[in-house]
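J.: Residue strings, one per chain:
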Amino acid sequence: MADPVQTTKPDLYKVTRIIKDGAIVADDWQFVPLASELAPEAHPIPAGRVIVPLPVWQSQRHVLAARGDVGVWLAPADDPQQLADSFGQIALIAVDFPKFTDGRGYSIASLLRSKLHWKGELRAIGDVLHDQLYYMQRVGFNAYALRSDRSAEVGLAALKDFEDIYQFSTDQALPVARRHFGANTAATRGSAT
Amino acid sequence: MYQYDEFDRRVVRSRAAQYRRQVARWQAGELADDEFRPLRLQNGLYIQRHAPMLRIAIPYGHLSSVQLRKLAYITRHYDRGVGHFTTRQNLQLNWVKIEETPDILDHLADVDMHAIQTSGNCVRNITTDAYAGVAPDEIVDPRPFCELVRQWSTLHPEFAYLPRKFKIAVSGATEDRALLRFHDVALELHRDANGEPLVRFIVGGGMGRTPILGETVRDDVPWRDMHTYLEAILRVYNRFGRRDNMYKARIKILVKSLGVAAFREQVEEEFSRIANGPNRLPEDALSWIQSRFVTPQYETLTNNPAVLSDALASNIPFARWHKRNVRGHKAVGYAAVTLSTKRAGFAPGDVTDAQMDAVADLADQYSLGELRITHDQNIVLAHVKQSDLPALHSALHALGFATPSIGLVSDMIACPGGDFCDLANARSIPIAAAVAERLEDLDEQEDIGPLRLNISGCMNSCGQHHAGHIGILGVDKQGQEWYQLSVGGSGGTQSSIGAVLGPSLRADQVPDAVEQIIEVYLEARASNERFLDTVRRIGAEPFKNKLYPNKGKSAADNKVAQNG
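Chains U and C are the protein sequences, given in the same order.
Reading the first sequence from the start, the letters are residues 802 to 994 in our numbering.
Reading the second sequence from the start, the letters are residues 15 to 578 in our numbering.
Incorrect hints may have been included.
Claimed, not checked - Examples of chain U residues lying across from chain C (beta carbon under 7 Å, computed): (1) Y814; (2) R905; (3) S911; (4) D932; (5) Y936; (6) R939; (7) V940; (8) N943; (9) D962; (10) F963; (11) D965; (12) Q968.
Simulated from the structure, these hints should not be mistaken for lab results.
Just so we're clear, the structure is a prediction, and the values are computed from it rather than from any experiment.
By construction, the Cβ of each residue, glycine as well, lies at the ideal position given by its N, Cα and C atoms.
Excised from the complex, chain U in its bound form (with noise of 0.2 Å):
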């Protein structure tokens, strides 16, 4: 079913193809790496449509807005918060794990998501694997820029790991677990009191 593993690793930024609200689409953004050489103003974006770092994105906003067809990165480390009033100027949010293990973003996506109600694009970048998909559509993500060496058949089929699930979440507003504690207290459950 799947492509075999590569040795070498395929530029993680480099996609044509991702999973995005449960369908495989072609996808022509292009990712803006963060150039450590560069100023965050002096990096050149190119035309079209891309998605830019942080700083990047602070520092050019003036021009960028303007643009529509720019999307926001955000690092591991990176607050979202600070990209709360950003939110009417951008197409779409990235969240990167440098690596699949690095376990940051998936804060990242449930803040966006219930503290800041970040209701656009949430799209997972960098080494993006199958069974880590269905984790992250549970914390928010609704993208997914699948990793170039991976069948994105088999990333479809993961976001369809498990039918039930015990926690609420962010992608489960009235989630199946309510039913878990039996149908009386469906009422009470997920406002607050």
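Based on these hints, arrange chain C on the given structure of chain U.
T.: Just chain C now, with coordinates in the frame of chain U:
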């Protein structure tokens, strides 16, 4: 015990099926080793010295006889017939085959068991007081809370790739029997003036390379906020815990570096945001989860029936066993019995498949079909009629589980050590055996009194040496096994970390050194003073002086002296 329903079963079945697919993809070369690693670890599978090791979850140490028979079956068919009960109340099998692990997980699922999150950088199996629900000093039965935390942490999507492993303990008794302050997070249950359960959150304890006692972050979290408070703690840790150095990645280092006040502030800020959110437990959650536990149907009995008092008066081995291995019980006429796995020829915690079957039968016959695994690697039958104690003692004696030494020096804790574990610097089991042999005389042990001796084969501290009244830690020096001794460690309400006595010793010096430590105690103790209390009163210095008489001279001189 908690009873699974179809929902719980589907979760476990789905997980076993997912793992089977992952193993197949790994075997087909579609998953690289380092990609498969966290997946197998979060299903309990280690690759280590001789063969893969599978760690099976025993949630908060509770087992039914049916489950134990299944563990016996798995131990017989998929291992070499010996299972190892661990200090975190789990079962390890040291000789499984990777390709058979999906079948093992299916077998486990048949009896509502699994190996979910028994390893890896995630929330691990919850541990608690082995006498939960029956201990006379209990304020709040911790088991429903354990189950709520188990459900919350099982496959939690946000906290599966934490900086490091994360261990949670729960207790609700006056005496802490769950090593609360040595855990990443401990939930200590108590009650408010109206009797409503409250949770004291103790955060940042741990053993390992940097032993630290946990500190109270908040005393009075209402039980309905238990999950949201945990969520706040875990989110702060997941975001800000160190990921650059695995030795500094535990939450204890984050709490230490921020200071508990600043850590508390961050947690409280996050908690206040989510406190009234969807993860707050509904008011009937506790009664609902309690209803899912089968309540033991106790008979109306009296304490100290004649058959017991007669046996105590006439049968010295029975009386000795009763003194050490039988504990009080909430229900009149009942007792909790501890089966010692510490016996000649076996490593602490090791139990054969046949013994598991036999113990399961005893649980059915004498303890309402229920068992517990303790953090000191013993087995508890929690609901034994006092009138059955003499018969149970005979049966346990025949099985080899009646060593009357619970809480004495030979009831030691030891990890599997270098004989099995890849992480170990040194072997634990031969050291445990050598010390046990030296101190085998039970009268002598009774004279020494309560003494916890814990042995770890490396800094990971699975043998909990930091919490041992005497702790022994295996270290590697130029490829050789050496052992560092400490005194004064303890779990419990007054937890403490053991003080290291001096340079490490060779394996053959350890039994002498343990004896010398005990000699110092016996000379210094006030009447009826426990070893730990003597150490606390006189400090570590007299023990150091005894073991290292040439202190102040060079290390080389001391080695000569010890070797001589």
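J.: Are U:R905 and chain C close enough, Cβ to Cβ, to be under 7 Å, as the hint says?
T.: holds (6 Å)
J.: Does U:Y936 meet its interface restraint, that is, does its C-beta lie within less than 7 Å of any C-beta in chain C?
T.: Hint on U:Y936: holds, closest Cβ of chain C at ~4 Å, below 7 Å.
J.: U:Y814 was flagged as interface toward chain C. Is the shortest Cβ-Cβ separation under 7 Å?
T.: violated (18 Å)
J.: Is the hint on U:V940 kept, meaning its closest Cβ partner in chain C is under 7 Å away?
T.: holds (5 Å)
J.: Minimum Cβ distance from U:D962 to chain C below 7 Å?
T.: holds (5 Å)
J.: Answer holds if the nearest beta-carbon of chain C is closer than 7 Å to that of U:F963; otherwise answer violated.
T.: holds (5 Å)
J.: Does the nearest C-beta of chain C fall within a distance shorter than 7 Å of the C-beta of U:S911?
T.: holds (5 Å)
J.: Taking 7 Å as the limit, does the beta-carbon of U:Q968 come near enough to a beta-carbon in chain C?
T.: holds (6 Å)
J.: Does U:N943 pass the interface hint, meaning its C-beta sits closer than 7 Å to a C-beta of chain C?
T.: At 14 Å from the nearest chain C Cβ, U:N943 fails the 7 Å test, so the hint is violated.
J.: Close enough to count: is the Cβ of U:D965 nearer than 7 Å to one in chain C?
T.: holds (5 Å)
J.: Is the shortest C-beta separation between U:D932 and chain C less than 7 Å?
T.: holds (6 Å)
J.: Closer than 7 Å between Cβ atoms is the bar; does U:R939 clear it against chain C? Give me holds or violated.
T.: Holds, because the Cβ-Cβ distance from U:R939 to chain C comes to roughly 4 Å (cut-off 7 Å).
Hint compliance for this structure: hints 1, 8 are broken, all remaining hints hold.
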